[in-house]
Amino acid sequence: MRPEDEAEFAGLVERQWPFACRVAWAVLRQAQDAEDAAQEAFLKIWRAQAWGNLGDERAYVARVAWRAAVDRVRDSSLRRRSGQAPGHTRHRAEQELSPEEIADRAQSPEEIVVAANWESALHRLIDSLPEELRQPLALSAEMNSREIAATMGIAEGTVRTRLMRARQMLREKMAATEERRYAGR
Amino acid sequence: MRDDKRVQENDELDSRIDAALRSYVEPPQMTEPRIILARIMERAQIERSARPMRSWFWGAAAAAACLVAVAAALWLLQAHPAPKIAWAPAAPGVETLPSVARSQAPAIRRSTHARPVSTSREVAARSAALPKLDVFPTPRPLSPEEQALVSFAKQGPAAVQRAVLQDQKHWDEVTALSSLQMPPQAAHQQDQ
Chain B
0 MRPEDEAEFA GLVERQWPFA CRVAWAVLRQ AQDAEDAAQE AFLKIWRAQA WGNLGDERAY
60 VARVAWRAAV DRVRDSSLRR RSGQAPGHTR HRAEQELSPE EIADRAQSPE EIVVAANWES
120 ALHRLIDSLP EELRQPLALS AEMNSREIAA TMGIAEGTVR TRLMRARQML REKMAATEER
180 RYAGR
Chain G
0 MRDDKRVQEN DELDSRIDAA LRSYVEPPQM TEPRIILARI MERAQIERSA RPMRSWFWGA
60 AAAAACLVAV AAALWLLQAH PAPKIAWAPA APGVETLPSV ARSQAPAIRR STHARPVSTS
120 REVAARSAAL PKLDVFPTPR PLSPEEQALV SFAKQGPAAV QRAVLQDQKH WDEVTALSSL
180 QMPPQAAHQQ DQ
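Keeping their order, the protein sequence lines are chains B and G.
Here the first sequence stands for residues 0 to 184, where the numbers follow numbering that gives the first Met the number 0.
Here the second sequence stands for residues 0 to 191, where the numbers follow numbering that gives the first Met the number 0.
Worth flagging that the hints you see were computed from the coordinates, not collected in a lab.
Just so you know, these numbers come straight off a predicted model, no measurement behind them.
Think of the CB as a built atom: it goes at the ideal place given N, C-alpha and C, for glycine as much as any other residue.
A few of these clues could be false.
Not everything, but these chain B residues come out facing chain G in the computed CB check (under 7 angstroms) [claimed, not checked]:
| no. | residue |
| --- | --- |
| 1 | Gly10 |
| 2 | Ala25 |
| 3 | Ala47 |
| 4 | Trp50 |
| 5 | Ile125 |
| 6 | Leu128 |
| 7 | Leu162 |
| 8 | Gln167 |
| 9 | Leu169 |
| 10 | Ala175 |
If you anchor each label on the Cβ, the simulated ranges turn out as follows [said to hold, decoys possible]:
| no. | chain 1 | residue 1 | chain 2 | residue 2 | range |
| --- | --- | --- | --- | --- | --- |
| 11 | B | Asp55 | G | Pro27 | 51 to 57 angstroms |
| 12 | G | Arg38 | B | Glu171 | 17 to 23 angstroms |
| 13 | B | Glu7 | G | Gln7 | 24 to 30 angstroms |
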């Protein structure tokens, strides 16, 4: 490989590393896993030597990073199902909670909201969303609907619908929390 | 008025959600890009150096497998040789082609299709064309007992040889039952 190519790849890593990390983190919610997935994504790009003629490098990096993160979720789920002990803490995406546990989980952030810790409470509420709604919502902080659709490989309309449903659910939960807070006073 | 209030509330909730989302996607820690780049380069280097070795390994494995297959085939051929067909002389009266003529004769093309079933007429014609044996059944060599009898007859005294020859003349004669004299059975029983 030519030194110019290596310099070009280094530039790509420099520019897109934080973004790739955020995409992987949005899926995995585990710092070390997210970094590993992002690193794996750049290694794939290196192997494919595809950085020379990328149309939209941000969209490309997002797609590869998201795929690496989702593969990691699937691998860890398979490992867990086959009875192997996971080597790291479970991240949110692979948890299979019973309805009671989900109710507890939803209750717990509400209590935190009552304590006026809005931000972390909202994070927990986002975490409690179904995965198909949570992922596009998390990615919406970084990308628009079209980019999310291209990254996740789904229709743009589907992305919009899911974003709308996710926001609606969050609003309802927050409103319920507010009411509870005022009722408690 | 109430709708306006609701819209305002929703806007407020949305702005809170947006703010929360911005911090939600921010990982708590992030390694510096140059360190990551060094790691990626290191892994790429390892993969690059491992690739020729891997291809060499698979090449060697394929060659070894071929050798094993050839050795097995040779061993099988030696262990189970094809049965040799014994050379049988042609029957008298059947002319064999000289080897030169045989080599010049047009090769018989074997069909890959199933052979046609021969009719009984064809079989009969084919068997009629075959040479017939002079003696039936085929003469077979004497057994050791028969050879011993022949040698005894040849070496025995002249009187014995004559007696055997004399006796042989009567072997084919029909035995006349009427001339047989049998003693009465009743007298025999009384004696007992």
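Verification of the supplied hints:
1. Given the 7 angstroms rule on beta carbons, the hint for Gly10 of chain B is violated: about 10 angstroms separates it from the nearest Cβ of chain G.
2. Interface hint at Ala25 of chain B: satisfied, since its Cβ lies 5 angstroms from the closest Cβ of chain G, which is below the 7 angstroms cut-off.
3. This hint is violated: Ala47 of chain B has a C-beta 12 angstroms from the nearest C-beta of chain G, more than the 7 angstroms allowed.
4. Here the hint on Trp50 of chain B is broken, as its CB sits about 12 angstroms from the closest CB of chain G, past 7 angstroms.
5. Proximity of Ile125 of chain B to chain G holds as hinted, the smallest CB-CB distance being about 6 angstroms (cut-off 7 angstroms).
6. Hint status for Leu128 of chain B: violated, given a least beta-carbon distance of 11 angstroms to chain G, over 7 angstroms.
7. Of the supplied interface hints, the one on Leu162 of chain B is violated, with its beta-carbon coming no nearer than about 11 angstroms to a beta-carbon of chain G, more than 7 angstroms.
8. At a threshold of 7 angstroms, the smallest CB-CB gap from Gln167 of chain B to chain G is about 10 angstroms, leaving the interface hint violated.
9. Residue-level restraint check for Leu169 of chain B holds (minimum Cβ-Cβ distance to chain G is 6 angstroms; threshold 7 angstroms).
10. Below 7 angstroms, beta-carbon pairs count as interface contacts, and Ala175 of chain B has none with chain G, the closest being about 12 angstroms; its hint is therefore violated.
11. About 28 angstroms separates the C-beta atoms of Asp55 of chain B and Pro27 of chain G, a value inconsistent with the hinted range of 51 to 57 angstroms.
12. The given range of 17 to 23 angstroms is broken by Arg38 of chain G and Glu171 of chain B, whose C-beta atoms sit roughly 44 angstroms from each other.
13. Between Glu7 of chain B and Gln7 of chain G the Cβ separation comes to about 50 angstroms, which falls outside the hinted range of 24 to 30 angstroms.
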